[in-house]
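Engineer: Dock chain B against the given chain A, drawing on the hints supplied.
Number of protein chains: 2
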Amino acid sequence: MKIEKNVLIMSLFPNKITKLFDETFNTFKSYEQENAEKFIESLSDKIEAIAVMGGTAVSSELIKKLPKLKIIANYGVGYDAVDVKQATLSNVKVTNTPDVLNDEVADTAIALSLCVYKNIALANQFLLEKKWLKSEYPLSKKFSGTKFGILGMGRIGKTIAKRIESFNCEICYHSRNQKDVKYKYFSKLEDLAEYVDTLCVITPGGEETKHLVNANVLQKLGKNGFLINIARGTVIDQKALIYALQNNIIRGAGLDVFENEPNVPDDLINLNNVILTPHIGSATVETRYDMGKLVYDNIVQMLTTNTTLSPVN
Amino acid sequence: MKIEKNVLIMSLFPNKITKLFDETFNTFKSYEQENAEKFIESLSDKIEAIAVMGGTAVSSELIKKLPKLKIIANYGVGYDAVDVKQATLSNVKVTNTPDVLNDEVADTAIALSLCVYKNIALANQFLLEKKWLKSEYPLSKKFSGTKFGILGMGRIGKTIAKRIESFNCEICYHSRNQKDVKYKYFSKLEDLAEYVDTLCVITPGGEETKHLVNANVLQKLGKNGFLINIARGTVIDQKALIYALQNNIIRGAGLDVFENEPNVPDDLINLNNVILTPHIGSATVETRYDMGKLVYDNIVQMLTTNTTLSPVN
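One line per chain: the protein sequences are A and B, in this order.
The first sequence begins at 1 in this note's numbering and counts up one residue at a time.
The second sequence begins at 1 in this note's numbering and counts up one residue at a time.
Chain A with its partners taken away, still in its complex shape (with noise of 0.2 angstroms):
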């Protein structure tokens, strides 16, 4: 199927999906250009569509510049870096992708938390360096049985849940608002987090929940608490977490993102309780592929029906 559009691809995606995109319609990959902004200005009067990922911005001005634009599909279920507000201004649908990343993210989260609780990587490092020949590694703590808060009971928080149920964890949540979920609320972050053992963050980054997770928190989670973050790196004050972690207020954290990454201070890669990961939350090829359809599918849809599977605005 050949649809006559003209595509503008930001971002690198799946092998697969490119192809898909560069059978259907006329695409422009920004993303292999040395000059971007001078590149899409060539193309203003052209770009129907964008297929963006979330570390790419797509800015006000962005928009503006493009009036034929319909639609911005972005890849990832967080869209923080897509400018919701101009789009709507400028009646441009904006959609996600939710639900085909659920389980992989979930996934994500469990393995953060058993490797904190574990040390995993640390028992790894122990192995490889051969000192296993001179002692026995230290013992960790059991996280089967204790207290499991969520930050955001979406769907990946759902998810979640459902996993950490299989581990006889007690599970309660903090969101804006109490879900139809048999889980124990807690109508302030505060609280939940001086009640459980680990905290997850799993809640949208923006501007809203910008260091939602700040000194105060940290210090309710307490000395034998741990907090896993697979959401956003700014929903966490980093440098406060940064203090929580040299200090013994907290006692480990799991970390799949950050504020301003890839860079990573140096601060957290020199502790030695935590496990830190790239932004590895959704990345298996299965799930980059049902993503990377979904966005595709998306601006089929827009493009040939004015209609879109998951809209954001």
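Everything labelled a hint here was simulated from the structure, so no lab data went into it.
Be careful, since some hints might not be right.
Which copy is meant is left open, so a pair is good if it fits within one copy or across any two.
Unchecked claim - Simulated crosslink set (DSSO-like; lysine-lysine; CA at most 30 angstroms straight-line):
hint : residue 1 : residue 2
1    : Lys184    : Lys147
2    : Lys147    : Lys158
3    : Lys46     : Lys64
4    : Lys162    : Lys182
5    : Lys184    : Lys162
6    : Lys158    : Lys141
7    : Lys141    : Lys130
8    : Lys29     : Lys85
9    : Lys134    : Lys239
10   : Lys70     : Lys293
11   : Lys5      : Lys293
12   : Lys16     : Lys134
13   : Lys64     : Lys223
14   : Lys239    : Lys147
15   : Lys64     : Lys38
16   : Lys162    : Lys179
Every value quoted in this text rests on a predicted model; they were computed, and no experiment measured them.
Structural biologist: For chain B alone, kept in the frame of chain A given last:
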């Protein structure tokens, strides 16, 4: 409570447990001695109970040297280092510590499975070495929804299965006899290996299961298959495994146990499709306390009422 009985403690137990023993019995600690054998011989007409960890052998010679011995209380569920045959002949009870470690070992199995699918250790290393500044970490393979095979559907196998269910995996198993569980049974290990994506080994060690997972089973598991071992190193033909990992006969492995541990061959250490941990299966403060307490309780009960809580013979 003081019980005037003589207990030989052959391994370094968690502090709290050692304290319990010291407060209750006359204790003799062979692990503190330069010449443990000589030390034990000097006590041969005294010792009525042995407390020992999995790593330390209790040979038939040793058992024969202790005429008053009534119980060998083994810390851990695997008791392959104890000569149970000789113990039975000598009318000595052997106990282990089942159930109290089910959750812990199951958690380790899940951690290794997610780590090897998501390549967590390498992803962590990638970030620590600041490679993220230059490129994205490669995509890994989705775990949720895969076919998960368990070799050995005992107490721990069932506890693993319960957790794995929450990841929407299809669970299958092989054991000598079919069990009263809802999961798909394979009477042949080769057939299970061929069917599943992950083969998780949690069968007892010892001669009967030696090299049960051999080159043929690994061939059947195939180039997209993952192997997890949280049982005993002896269950797997380690040389065949290394060959399979080096030649992409299987895709990866998560190993907590090894033949001849704590020695781990360089050929395993140098692979990048494995996650290796130093036998941390049950190694948390909480679980190790529970295990030690059960060792202690078995000895108390044997020496006061001639019964045991968790006998294996």
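Engineer: It remains to establish, for every hint, whether it holds in the given structure.
Structural biologist: We went through each hint and held it up to the structure:
no. : hint            : in the structure
1   : Lys184 x Lys147 : within (11 angstroms within a copy, 33 angstroms between copies)
2   : Lys147 x Lys158 : both (16 angstroms within a copy, 23 angstroms between copies)
3   : Lys46 x Lys64   : within (13 angstroms within a copy, 90 angstroms between copies)
4   : Lys162 x Lys182 : both (11 angstroms within a copy, 20 angstroms between copies)
5   : Lys184 x Lys162 : both (14 angstroms within a copy, 23 angstroms between copies)
6   : Lys158 x Lys141 : both (25 angstroms within a copy, 22 angstroms between copies)
7   : Lys141 x Lys130 : both (23 angstroms within a copy, 29 angstroms between copies)
8   : Lys29 x Lys85   : within (25 angstroms within a copy, 72 angstroms between copies)
9   : Lys134 x Lys239 : between (37 angstroms within a copy, 24 angstroms between copies)
10  : Lys70 x Lys293  : within (18 angstroms within a copy, 67 angstroms between copies)
11  : Lys5 x Lys293   : within (18 angstroms within a copy, 71 angstroms between copies)
12  : Lys16 x Lys134  : between (49 angstroms within a copy, 23 angstroms between copies)
13  : Lys64 x Lys223  : neither (49 angstroms within a copy, 50 angstroms between copies)
14  : Lys239 x Lys147 : within (26 angstroms within a copy, 42 angstroms between copies)
15  : Lys64 x Lys38   : within (15 angstroms within a copy, 87 angstroms between copies)
16  : Lys162 x Lys179 : both (15 angstroms within a copy, 26 angstroms between copies)
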